[in-house]
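Chemist: Chains as they are written, first to last, in the numbering used here: chain V, 1 to 128; chain G, 1001 to 1220.
Honestly, I wouldn't trust all of these hints.
[What the hints assert, rightly or not] Capping the alpha-carbon separation at 25 Å, the derived lysine-lysine pairs in PhoX-like fashion look like this:
#1 Lys118(V) to Lys1132(G)
#2 Lys1010(G) to Lys1106(G)
#3 Lys118(V) to Lys1106(G)
#4 Lys1114(G) to Lys1037(G)
#5 Lys108(V) to Lys1106(G)
#6 Lys118(V) to Lys1090(G)
#7 Lys1207(G) to Lys118(V)
#8 Lys1132(G) to Lys1037(G)
[What the hints assert, rightly or not] Here are some, though not all, of the chain G residues that point toward chain V, as calculated from beta-carbon distances under 7 Å:
#9 Ala1018
#10 Arg1030
#11 Ile1033
#12 Ala1036
[To be verified] To list a few chain G residues with every Cβ distance to chain V over 12 Å, as calculated:
#13 Leu1009
#14 Ser1013
#15 Glu1027
#16 Pro1046
#17 Asp1082
#18 Ala1096
#19 Arg1135
#20 His1165
#21 Gly1190
#22 Val1201
#23 Lys1211
None of these hints come from the bench; they were simulated from the model.
Ideal Cβ positions, reconstructed from N, Cα and C, are used throughout, including at glycine.
Residues per chain, in single letters:
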Amino acid sequence: MTILTESDEFTVDAANGLWLAAADAARVTGWTLKPEGMCRGDQCVPLASTAVVAGRVDVEAFWRRLGNPVLCSDERETWVLGAGAEERNAALAGLMAPDFTLPDLSGKPHTLSDLRGKKVLLVTWASW
Amino acid sequence: MWQQLFGDLKDHSFAVVAVAVERRGAEHVRPWIEQAKAAYWCLIDPEHRVASLYGMANVPRAVWIDERGRIVRPPETAGSTDHFRNMDQKALTMSAADQAARDAGKAFYVNAVKEWITTGRHGLDAPAAREKLPRITADIALALAHFRLGVWLRRHGAVEEGSRHLAEASRLHPESWNMWRQSADLEAVGRAAGPEFWARVQALGDKPYHKPPDLPGFPT
């Protein structure tokens, strides 16, 4: 199945909804399963005892617990683990320009943070 | 629009990053980009990632980023004004006075960027920049998730299901012209600027389509 996050796309093996092996859960979410719950850096979020079974994590339940949006396609084959409002506002309030990598016309990728040391005018436009 | 400015400031440590918000991909925007003869980065953003990261709801939007990578002006219109709202909607023509006013807005904005690059003027300190950040609500965050799924599903052949998620995104985040207009464009090229678009603009009433940038003396 496919999982879409804010800036990535993952193909993972999942069972029965979004139950992922702990290693896949870490790869997709950036949070690691530990005895105290799901952890990132020095922060841990406890999981309900029903959300971990035999080394697999109910990532849907965990993501909702963080207060973040979770969506799936009708056939439950494509999932979105969205960034929540709190996380988005906190990121912006830090005032560090959110980084991204996008291709130019020839497909060559460019990364915003490579321009550190210059003033940058970032502008968007559309043909429509 | 930016090549002249970029050329004028080539002796300064300055970069322009122009991002085409375009689900249809590079080939669709190639003519515009080639015509601009741009020496700066012209990037293609089929997933609207920049809009999502920066909380932009319309185009064109600009963000000023300083040498340390910090936002010193959050997203605002890059000098576009609302004069287009007076245009003849069938002929798509504007009066000479409205065209002049629109051009004056763009010129003023370009000059403000120039002042920032050369003197630092108009760059905001952290509290003032924070004050102007967009506020992302739970509905907007959910809308962004629906938009992401809708775009992906359409790209992978599930057109009807994808459109359903795009419609839900617009319902949750009605202020996002990016979401509504991109979705309309995917239904049919031209629809993003068709009668439904004009009806939505009309429905704004006294509210601006492009809120003027907060620059002292900006002509409105």
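Chemist: Is the nearest CB of chain V more than 12 Å from the CB of Asp1082(G)?
Modeler: Answer for Asp1082(G): holds, closest chain V Cβ roughly 17 Å.
Chemist: For Gly1190(G), is the shortest CB-to-CB distance to chain V above 12 Å, so the non-interface label stands?
Modeler: At roughly 8 Å from the nearest Cβ of chain V, Gly1190(G) sits no farther out than 12 Å, so the non-interface label is violated.
Chemist: If I take the minimum Cβ distance from Lys1211(G) to any residue of chain V, is it greater than 12 Å?
Modeler: Holds, because the least Cβ-Cβ distance between Lys1211(G) and chain V comes to about 15 Å, which exceeds 12 Å.
Chemist: Decide if the proposed pair is consistent with the structure: Lys1114(G) and Lys1037(G), CA atoms, cutoff 25 Å inclusive.
Modeler: holds (20 Å)
Chemist: Going straight from one Cα to the other, do Lys1132(G) and Lys1037(G) come out at no more than 25 Å?
Modeler: violated (33 Å)
Chemist: Is the Cα-Cα distance between Lys118(V) and Lys1090(G) 25 Å or less?
Modeler: Distance ~44 Å between Lys118(V) and Lys1090(G) Cα, so the pair is violated.
Chemist: Beyond 12 Å from every chain V Cβ: check whether that's true for Arg1135(G).
Modeler: violated (7 Å)
Chemist: Given a cut of 7 Å on the nearest C-beta pair, is the interface hint for Ala1018(G) held or broken against chain V?
Modeler: Given a least distance of 5 Å, the restraint on Ala1018(G) holds.
Chemist: Does Lys108(V) pair with Lys1106(G) here, judged by a C-alpha cut-off of 25 Å?
Modeler: Since the Cα atoms of Lys108(V) and Lys1106(G) sit roughly 30 Å apart, the hinted pair is violated (cutoff 25 Å).
Chemist: Under the criterion of a CB-CB separation shorter than 7 Å, is Ile1033(G) in contact with chain V as hinted?
Modeler: holds (6 Å)
Chemist: Please check whether the beta-carbon of Glu1027(G) is more than 12 Å away from every beta-carbon in chain V.
Modeler: Non-interface label on Glu1027(G) violated, nearest chain V Cβ at 9 Å vs cutoff 12 Å.
Chemist: Does the claim that Leu1009(G) lies off the interface hold, with its Cβ farther than 12 Å from every Cβ of chain V?
Modeler: Violated, because the least Cβ-Cβ distance between Leu1009(G) and chain V comes to about 9 Å, which does not exceed 12 Å.
Of the hints listed earlier, those the structure fails to meet are numbers 5, 6, 7, 8, 12, 13, 14, 15, 16, 19, 20 and 21, in rising order.
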